[in-house]
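**Student:** Each chain is listed here by its residues.
Protein chains: 2
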Amino acid sequence: MPTISDRGNLMPASPIRKLVPFAEAAKKRGVKVYHLNIGQPDIPTPDCALEAIRNYDLKVIEYSHSAGNESYRKKLAGYYRNIGIDVDHNDIIITTGGSEAISFALKCCLNPGDEVIIPEPFYTNYNGFALDAGVKVIPITSDINTGFALPPISEFEQSITPRTKAIMVCNPNNPTGYLYSKDELLQLRDLVLKHDLYLFADEVYREFCYGGEEHTSVMQLEGLEQHAVLMDSVSKRYSECGVRIGALISKNKAVISAALKFAQARLSPPSIGQVIGEASLNTPPEYFQEVYDEYISRRDFIIDALNKIPGVFAPMPKGAFYAVISLPVEDADHFCQWLLEDFNYNMQTVMLAPASGFYATEGLGKNEARIAYVLKLDDLRNAVKCLEEALKVYPRMLKTQHAETIHN
Amino acid sequence: MPTISDRGNLMPASPIRKLVPFAEAAKKRGVKVYHLNIGQPDIPTPDCALEAIRNYDLKVIEYSHSAGNESYRKKLAGYYRNIGIDVDHNDIIITTGGSEAISFALKCCLNPGDEVIIPEPFYTNYNGFALDAGVKVIPITSDINTGFALPPISEFEQSITPRTKAIMVCNPNNPTGYLYSKDELLQLRDLVLKHDLYLFADEVYREFCYGGEEHTSVMQLEGLEQHAVLMDSVSKRYSECGVRIGALISKNKAVISAALKFAQARLSPPSIGQVIGEASLNTPPEYFQEVYDEYISRRDFIIDALNKIPGVFAPMPKGAFYAVISLPVEDADHFCQWLLEDFNYNMQTVMLAPASGFYATEGLGKNEARIAYVLKLDDLRNAVKCLEEALKVYPRMLKTQHAETIHN
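Listed in order, the protein sequences are those of chains A and B. Heads up, this note's numbering is the position in the first sequence plus 659, with the first residue counted as 1. Heads up, this note's numbering is the position in the second sequence plus 659, with the first residue counted as 1.
What the hints contain is simulated information worked out from the structure, not anything from laboratory work. It should be emphasised that the depicted structure is a prediction, and the values quoted were computed from it without experimental measurement. The reader is advised that the hints may include incorrect statements.
One copy or two, it doesn't matter: identical chains are merged, so the pair holds either way.
[Stated by the list, open to error] EDC-like cross-link-like pairs, simulated, lysine to aspartate or glutamate; straight-line CA separation at most 16 Å: (1) 841 <-> 721; (2) 1025 <-> 992; (3) 734 <-> 747; (4) 687 <-> 729; (5) 718 <-> 701; (6) 687 <-> 1000.
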């Protein structure tokens, strides 16, 4: 029997999705599972997007241009110019989800063995894309006690080697909910210019910034035109994760040309998804206001409720719809699986994503988990109740003095 | 300015798509371009598929399971069992087009530096996926004079090295239209079993077999359960290339487990595409009969018409909707570009895919091109007329005796 490749063996199972079989088994036993493990919002997709599907009237569902439909790219460039990002449609390649944009950026800019520096915890699938590209992730650890702010820039600089080709940030951050300030981004700008690196930014949560703080894009940083690469997606903005439409954006023509060749190899991004993405650009401002209000109330509720559970600490997120929280347990991986396999509270339980998979440094995040507050308030209330009850009976708790040390 | 990666530089531009800018320029000058360059059929998508779009009534376009919706995979397994391929839904991962299935197969089974043997000319994007995976393509040249039949199995065996991990075929073949016989496939089976290799088969044109010959799948070959990996797609079967839905299928559980991790990294294949793919399984037999009749008449017309043009040779394809033909020109790459840039016949021209990009061996296919007979008879007639007229005035023709030697 022929063997599997090394990368086939090494590719990490998604910590967000690896517990899915246990959730499915729980559901088959009749247990209601509250999914706080995955950024799948329950927010309705905008009407204009759904209408575009129902009105689809072409007779043949054809391939699109490999870079995406020109009409969509032109309209999308208008969206970016509206928010102060000066691009035209030739600076944009439509990708199959933000995932493909990340993958294209890594492959076009880094050779196998090259290094990308990423503050951790980070979106776990960066590991998969890096492994796929043969690229080494160099983590810089951020701290739950600062709300996961950008670590001191000196730590980034100390980690730069001759193989370093890029720094990557997710802003607002998945999984931490941290929103990088303009000042933090300017420090990163100066560093990448000094060392001639790329600055990759995953800004798919751009519209989800709370507390009046403004989002700064890497594409707005002066002098960074040839260094900044933006990875974007419609998934969260319009609650249409399933259309698999994203974008790779850069003023660096060599990056776009190289990415276009990768895009040609896979022929075309989803055609109907592009029709939906284009229609979604007509979403009225009231939609975003409603969504914003909804997330603010969810965030305020769940962070407050979590911090009331003995031994739990949840920093207040400033963006996106995630938080990394610490739990008074020895091993969050075990705890999250136990929640699905061995626990229920009135035939309900909660699914979290263990945070260990969001760290590249072995052993970190052992007592942390990511939550996504993507459910209605009532569901969040039930989910938090399940968590609270679970922690009362879970057999492998941290000793109390440990828990206190860790959560202060 | 930071540099592009080696693979970003080395990734080949698609020979099918690299002439697109010239076609666009021609269209802007008012020239009608007949697209024989790309396998984008003009056949209508089945009504049941289009209806599924119009009836889409979910409020949120959500991610699907990373392996694809279970309902779709179960129904798809039924489709395979119906055609004598014994699989269940756990043997199937739904992919983003056949492209992703090819990419997953290469990455899960081969290490960088490993070799895959492929008869050439082959579907040009295999080059891109191999480069992306760091895998080396070892071509075995097939011959236009045999209609591109499988080269002698001894040539495959002689090319096996300690780095060889797989043999890959496309059946029916893109770009040649050749349909591998059961006997040819049995030879391949014996060889991969002898050397413990994978046998990858891209069978996306399975339904397009002409002249009464039956299609044999690698999944039907006895004893090959752990070695056979099937790459499939709905694109051509239902004329819905733009939905980007394919599948990776194998009875080898280790291959499926590894591929699932790659699938998890990109979260989900297109959700609406899966709804369409699932609905398409209800396509009535009459649809396929009509499509079959249409392609037969197109094939018979165009092959006959091409062979009547002095110096042109077109072997009769037995499957798919392509043919690789030889042309009495010095350099088909130049000719195909010239057709778009410098030629028109009554403000019409034809776009072909130069065949050089379908060969891995440098210098082969210089006077060949791939045609896709995906247009209506009237359009094909006009396209062939353009080609005929072009060859009368094209300045860089092969000398006649060469042309005759080559085309006999």
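**Student:** Under a CA distance limit of 16 Å, which applies to residue 687 and residue 729: within one copy, between copies, both, or neither?
**Tutor:** between (46 Å within a copy, 15 Å between copies)
**Student:** With identical chains, the pair residue 734 and residue 747 could be close in the same copy or across copies; at 16 Å between alpha carbons, which is it: within, between, both, or neither?
**Tutor:** Result: close within a single copy only, 9 Å intra versus 43 Å inter.
**Student:** From the Cα coordinates, with 16 Å as the cut-off, is the pair residue 841 and residue 721 best called within, between, both, or neither?
**Tutor:** For residue 841 and residue 721, the Cα distance exceeds 16 Å both inside one copy (42 Å) and across copies (33 Å).
**Student:** Given a CA cutoff of 16 Å, do residue 718 and residue 701 count as a within-copy pair, a between-copy pair, both, or neither?
**Tutor:** between (32 Å within a copy, 9 Å between copies)
**Student:** Taking 16 Å as the upper bound on the Cα-Cα distance, should residue 687 and residue 1000 be classified as within, between, both, or neither?
**Tutor:** Classified as within: same-chain Cα gap 11 Å, cross-chain 63 Å, threshold 16 Å.
**Student:** Between copies, within a copy, both or neither: which fits residue 1025 and residue 992 at Cα up to 16 Å?
**Tutor:** Close inside one copy (7 Å), not across copies (58 Å); limit 16 Å.
Consistency with the previously given hints fails for number 1 only.
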